[in-house]
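Peer 1: Residue numbers are given in numbering that gives the first Met the number 0: position 115 of the sequence shown equals residue 114, and the series is strictly consecutive.
Derived by calculation from the structure, the hints in this document are not laboratory data.
All residues carry an ideal CB built from backbone N, CA and C; glycine is no exception.
A hint or two may mislead.
[Unchecked claim] Pairs of lysine to any residue residues, derived as SDA-like cross-links and limited to a Cα-Cα distance of at most 20 angstroms, are as follows:
1. Lys39 with Asn115
2. Lys39 with Gly113
3. Lys39 with Ser100
4. Lys39 with Cys28
[To be verified] DEER-style ranges, computed between Cβ atoms:
5. Gly57 with Ser100: 31 to 39 angstroms
6. Pro78 with Val17: 16 to 24 angstroms
7. Gln121 with Cys28: 31 to 39 angstroms
8. Val30 with Gly89: 36 to 44 angstroms
9. Gly113 with Val30: 45 to 53 angstroms
10. Thr61 with Leu35: 41 to 49 angstroms
11. Met123 with Glu15: 36 to 44 angstroms
12. Leu25 with Gln121: 32 to 40 angstroms
13. Gln121 with Phe23: 36 to 44 angstroms
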Amino acid sequence: MFHRFARCEQGSATVEAVIWFPVFALILCLVADAALIFSKQALVMRVVQDANRAMSVGRLMTAAEAQDYIRSRIATISPNATVVTTVQAGVIISTVTMPSSDLTATRFVEPFGGLNVSVSSQQMSEA
């Protein structure tokens, strides 16, 4: 009875699929997280550019106002972000640094070193 069972190859593809399924699921999750990171990075870039533009035309008067504007707009995207805005020689420079764990859905990226995502934008002051 066991001899016939050992030679039977029915279901061998199922066993292989079960073995490989976690690998494919992990790859799918990593791709989804990467897509979310790039998407949210683009959203934050838009906010940073808007703040720099508003400061360059005088709608926001100080670097602190620009930082507060950026923080308030990205609070739902990355609550742990750090925002730095400076003005050097008439150029407004804003930089946002976010932990990748704020930007992902599955957090499979965290074991790869706690990556940070940075967004930076520069704008000439018109005021």
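Peer 1: None of the hints should be skipped; say for each whether it holds.
Peer 2: These are the hints, each one checked on the structure:
| no. | hint | result |
| --- | --- | --- |
| 1 | Lys39 with Asn115 | 13 angstroms, holds |
| 2 | Lys39 with Gly113 | 17 angstroms, holds |
| 3 | Lys39 with Ser100 | 12 angstroms, holds |
| 4 | Lys39 with Cys28 | 16 angstroms, holds |
| 5 | Gly57 with Ser100: 31 to 39 angstroms | 37 angstroms, holds |
| 6 | Pro78 with Val17: 16 to 24 angstroms | 39 angstroms, violated |
| 7 | Gln121 with Cys28: 31 to 39 angstroms | 35 angstroms, holds |
| 8 | Val30 with Gly89: 36 to 44 angstroms | 42 angstroms, holds |
| 9 | Gly113 with Val30: 45 to 53 angstroms | 20 angstroms, violated |
| 10 | Thr61 with Leu35: 41 to 49 angstroms | 33 angstroms, violated |
| 11 | Met123 with Glu15: 36 to 44 angstroms | 60 angstroms, violated |
| 12 | Leu25 with Gln121: 32 to 40 angstroms | 38 angstroms, holds |
| 13 | Gln121 with Phe23: 36 to 44 angstroms | 42 angstroms, holds |
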